[in-house]
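Asker: Listed here are the chains, written in short residue letters.
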Amino acid sequence: MQFFGGSEISPSPPVPPASGSNAHMIYVFNRNGVCLFYREWNRPLRTLNVQQDHKLMFGLLFSLKSFTSKMDPTGVEKGNLGVPQLPGQGCSFHSFRTNTYKLSFMESPSGIKIILVTHPKISDLRESLKYIYNLYVEYAVKNPLYTPGTPIRCELFNTNLDQYVRNLA
Amino acid sequence: MAPVAPRSGDAVFANVERVNAELFTLTYGAIVRQLITDLEEVEEVNKQLDQMGYNIGIRLIDEFLAKSNVSRCVDFKETAEVIAKVGFKMFLGVTASVTNWDADGTSCSLVLEDNPLVDFVELPDTCQGLYYCNILSGVIRGALEMVSMKTEITWVRDMLRGDDAFELRVKLLKQVPEEYPYKDDE
Chain L
1 MQFFGGSEIS PSPPVPPASG SNAHMIYVFN RNGVCLFYRE WNRPLRTLNV QQDHKLMFGL
61 LFSLKSFTSK MDPTGVEKGN LGVPQLPGQG CSFHSFRTNT YKLSFMESPS GIKIILVTHP
121 KISDLRESLK YIYNLYVEYA VKNPLYTPGT PIRCELFNTN LDQYVRNLA
Chain A
170 MAPVAPRSGD AVFANVERVN AELFTLTYGA IVRQLITDLE EVEEVNKQLD QMGYNIGIRL
230 IDEFLAKSNV SRCVDFKETA EVIAKVGFKM FLGVTASVTN WDADGTSCSL VLEDNPLVDF
290 VELPDTCQGL YYCNILSGVI RGALEMVSMK TEITWVRDML RGDDAFELRV KLLKQVPEEY
350 PYKDDE
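Those sequence lines, one after another, are chains L and A. Position one of the first sequence corresponds to residue 1 (this note's numbering), numbered consecutively onward. Position one of the second sequence corresponds to residue 170 (this note's numbering), numbered consecutively onward.
FYI, nobody ran anything at the bench for these hints, they're computed from the structure. Misleading hints may appear alongside valid ones.
Covered stretches of chain L (in silico footprint by chain A; criterion: 3 or more residues with CB under 8 Å from a CB of chain A, positions within the stretch not fixed) [as the list claims (entries may be wrong)]:
# : segment
1 : 38 to 46
2 : 95 to 101
3 : 126 to 134
4 : 155 to 161
Some chain L residues well away from chain A (every beta-carbon gap over 12 Å; in silico) [stated by the list, open to error]:
#  : residue
5  : H24
6  : V50
7  : S92
8  : G111
9  : I112
10 : H119
11 : K121
12 : N143
13 : V165
Ideal placement from N, C-alpha and C gives every residue a C-beta, glycine not left out.
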């Protein structure tokens, strides 16, 4: 088993754009809103600074989840809008698509949220997000030098993720 | 595409990497022995085992969720069943049974007939207050806390003290829903 020293918290060096990469960027958040991981492969437009970008993304998803589950016409019981929900409870949206990108989302019952932004033609990514969750478990959670709740700085995770994303349909 | 159905305990157990049972038992025994030597007080050892279990539990939950594909449990009854049938099977190779529900459904017992941690183990007279398997109570507490349930776990029966099985009493204290973590003025 290899051990990885965590480097000091500093912005990760820019990733050279992989040719043929299908995804634009990925975010991983935990239940407290800490951005555990952010990686971009192809993001020409950047409007906010990094902290604000993360907060905006997390806030957007938090609200969307709450909204979609309150609007659920098949739901039996409905709390008032704004009542906090348990992670994974009720219905959960899994993607939205615009004319320029598709955002796919997955949340585990432990509150780990994985967001993948790709080009709009891509098919359903739910299984892929589960696979990425497995990668997170293998390379981050099982790494004794990684403290849960802190940003992930692990080369193996980065490499395996890049490789997987490159091969997405 | 329909989501994949959760796998049963046996199916998941067949798919995870396994380690030699004796290695596991002997390693755990070595840890407990060392803790007793270092800390000397049995109560301290119990606390330390629980804390170690807690640290394991907060990581174990993600592995469990990723490999077993279970979705959010609807209520605590389902949670207890999933822990007993899928969780224990996946990580220890044995299943537990769930019994003794109390009237509001917030407290139950997990009964283990067979426990790989205690093979070859006998408690000496000097360690009579020791909960040898206390790491298990920490693991369950840690894992459930990561899915928003605060619980309290105590040992009711312990085979190393002469009972006929291992029984853990699991009590749900409260469910803690997630709140929006950012303050509005930041």
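Asker: Each hint should be assessed against the structure and marked as holding or not.
Answerer: To see whether the hints hold, each was checked on the structure:
no.	hint	in the structure
1	38 to 46	violated (count 0)
2	95 to 101	violated (count 0)
3	126 to 134	holds (count 5)
4	155 to 161	violated (count 0)
5	H24	holds, 22 Å
6	V50	holds, 15 Å
7	S92	violated, 9 Å
8	G111	violated, 6 Å
9	I112	violated, 6 Å
10	H119	holds, 19 Å
11	K121	holds, 16 Å
12	N143	violated, 9 Å
13	V165	holds, 18 Å
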